[in-house]
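2 protein chains.
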Amino acid sequence: MTDQRLRKHKSNAQLTLIKSAGDIHNQAIRDIDMPNPEYSDVRMLDLFSGMGDEHFATLMRGAYVQNFPAQIELITEGEPADFLHIVLSGSVDLVSHWNGRDTSMATVRPISTFILAATVKDAPYLMSARTLEKSRIALIPSQDVRAIFDADGNFARAIVTELAQCYRSVIKAQKDLKLRTSLERLANYLLRQQKQADGAAVFTLGFEKRRLASVLGMTPENLSRAFKGLQPYGVSVDGNQISIADQDDLERFAKPNPLIDNFAT
Amino acid sequence: MTDQRLRKHKSNAQLTLIKSAGDIHNQAIRDIDMPNPEYSDVRMLDLFSGMGDEHFATLMRGAYVQNFPAQIELITEGEPADFLHIVLSGSVDLVSHWNGRDTSMATVRPISTFILAATVKDAPYLMSARTLEKSRIALIPSQDVRAIFDADGNFARAIVTELAQCYRSVIKAQKDLKLRTSLERLANYLLRQQKQADGAAVFTLGFEKRRLASVLGMTPENLSRAFKGLQPYGVSVDGNQISIADQDDLERFAKPNPLIDNFAT
DNA sequence: CGGAGGATTGATCAGGGTCAATGAAGGTGG
DNA sequence: CCACCTTCATTGACCCTGATCAATCCTCCG
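In order, the protein sequence lines correspond to chains F and P. UniProt numbering puts the first sequence at residues 1 to 265. UniProt numbering puts the second sequence at residues 1 to 265.
Rather than coming from a laboratory, the hints here were simulated on the basis of the structure. Check before you lean on any hint, since a few could be wrong.
One copy or two, it doesn't matter: identical chains are merged, so the pair holds either way.
To be verified - Simulated crosslink set (DSS-like; lysine-lysine; CA at most 30 Å straight-line):
| # | residue 1 | residue 2 |
| --- | --- | --- |
| 1 | K195 | K121 |
| 2 | K121 | K255 |
| 3 | K178 | K134 |
| 4 | K178 | K121 |
| 5 | K255 | K172 |
| 6 | K178 | K228 |
| 7 | K195 | K178 |
| 8 | K209 | K228 |
| 9 | K172 | K121 |
| 10 | K178 | K255 |
| 11 | K228 | K255 |
| 12 | K195 | K255 |
| 13 | K209 | K172 |
| 14 | K134 | K209 |
| 15 | K228 | K195 |
Given these sequences and hints, build the entire structure.
Right, here's the structure in full:
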């Protein structure tokens, strides 16, 4: 079943490729349309907020929105980047494969875009993307993005900012990987999550432990042990509930650093 | 001595910050000037080749060029990104630190730029940069880059392409790190180097083994052993000379993949 | 010639992966 | 409503990769 839906999505994608960008919205795509509220959500993204109304409208005319069930492979590593994707709801995992192994590179949550770099370079995707849960995704033909990019200076600026942001995030992730042990990575990850939860002493892990393990570059078994390894610093786990007894204590161990852990700058 | 020159560079950098961009070139900086041949080398970079003559000239007027000895710290992690740097000759190592450990993130060779992302975002450097050898570096005030970016569409496009390229390179490096063992990383690294040396069976390592080890995410000791571990696949080492007896054999082990190892796309 | 730094080698150790078994939770169909 | 199945999480035992420590060698340079 899962596989069928996937194939349906793929054939749609191929279909739209044959048409020119302007024609795409004329296709009678049954469950696909662009309702107004999502228009404005997308519009408010940094990437789109500064661009001209006309240009934004053009992008949205060529775009389409679709609901996907969980565990659908939206894009496959190595394929041409036909669409810029935007997660409107749900969540998407970006995964890479090699030689029978795989690793989760990042998780994308609403509202944000992914694979912008492949889109602007017109290059193959470097990561596969699959839905973690039922998700609503907007797809904008890459050629439209590149065309509007040429026509709209504000959009071009926004793309630069976004790309620079993405670049810096990956560099931080790389520093995290190369400079820290798995225990330190977990500790700092928990502190980041806690900050996102407004500093609450108890908060919920956003997603499955097995995926968290992969993001942090370890195995699920090792993640289990790492959680235990953080007990001496006041971390306790109950299912997806994390509680941090003494934040200062944990920070003394984790030594968080804005040049690695601050995703804003 | 090394340390003194460093301080000299730093004070220059701080000085220029006080002045407006247009004034920088008026400073009588003794050993700093922009000779014509380097003009054209820089001009030919993808980043600058498409922009208007006038805009390029403006950038170069604000820029300055300086020779640095080996082992100078050009920029320091965490400091504001005042200059876009361009390596004209020599080579520069990009390093990150945390909690007493450090790791080499990349090596920059002529002619190319580094820390573009920090420049356009006006954010702190995420990596320190230090010369590996005597190097000639051009520095362009970040504010000038941002200003010209707003004025020149071709330059903006080029920046986007460059940033996307950088982003994809880091993603590839990250996949390399997370999906491969150190032996596999070394094998693939050697194959990449061989390709860069036009496929010659014997070629020279571009730089010190200890730095190669850090780039590949391992210790120098382990790199030594990894080289031995590749002997069964026809790799032999003599100082900085690498020879690959049977490329196919090595490739069967290394399983190179364009989505990780092809730096062009 | 002497010294410093890199490279290599050996011995040892720890972080983390693998394999296997068990437990807990959620979903499905009878 | 419950038995069953699947999937994830956890735990234990074991192993392997790669780090650490220490000693030696080599090379480059002053």
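Now the hints, each set against the structure:
Within a single copy, K195 and K121 get their C-alpha atoms only as close as 34 Å, which misses the 30 Å cut-off; across copies the closest is 23 Å, which meets it. For a Cα distance limit of 30 Å, the shortest separation of K121 from K255 across copies, 25 Å, qualifies, whereas the shortest one inside one copy, 37 Å, does not. Proximity of K178 to K134 under the C-alpha cut-off of 30 Å is restricted to the inter-copy arrangement: shortest distance 28 Å between copies versus 34 Å within a copy. Taking identical chains as interchangeable, the C-alpha atoms of K178 and K121 lie at most 30 Å apart whether they share a chain (28 Å) or sit on different chains (24 Å).
Proximity of K255 and K172 under a CA criterion of 30 Å is satisfied in both settings, with 15 Å inside one chain copy and 27 Å between copies. Taking the closest pair of Cα atoms, K178 and K228 come within 30 Å of each other both inside a single copy (22 Å) and across two copies (24 Å). In this assembly of identical chains, K195 and K178 lie within 30 Å of each other by CA distance both inside one copy and across copies; the values are 23 Å within and 26 Å between. In this assembly of identical chains, K209 and K228 lie within 30 Å of each other by CA distance solely inside one copy; the values are 14 Å within and 38 Å between copies.
When the C-alpha separation of K172 and K121 is checked against a cutoff of 30 Å, the pair qualifies both within a copy, at 23 Å, and between copies, at 15 Å. In this assembly of identical chains, the alpha carbons of K178 and K255 lie at most 30 Å apart whether taken from the same copy (15 Å) or from different copies (23 Å). Proximity of K228 and K255 under a CA criterion of 30 Å is satisfied intra-copy only: 19 Å inside one chain copy versus 37 Å between copies. When the C-alpha separation of K195 and K255 is checked against a cutoff of 30 Å, the pair qualifies only within one copy, where the shortest distance is 15 Å, while the shortest distance between copies is 41 Å.
Within a single copy, K209 and K172 get their C-alpha atoms as close as 21 Å, and across copies as close as 25 Å, so both meet the 30 Å cut-off. In this assembly of identical chains, the alpha carbons of K134 and K209 lie at most 30 Å apart only when taken from the same copy (19 Å versus 49 Å across copies). Taking the shortest Cα distances, K228 and K195 sit within 30 Å of each other inside one copy (21 Å), while across copies they are farther apart (46 Å).
When the structure is compared with the earlier hints, no violation turns up for any of them.
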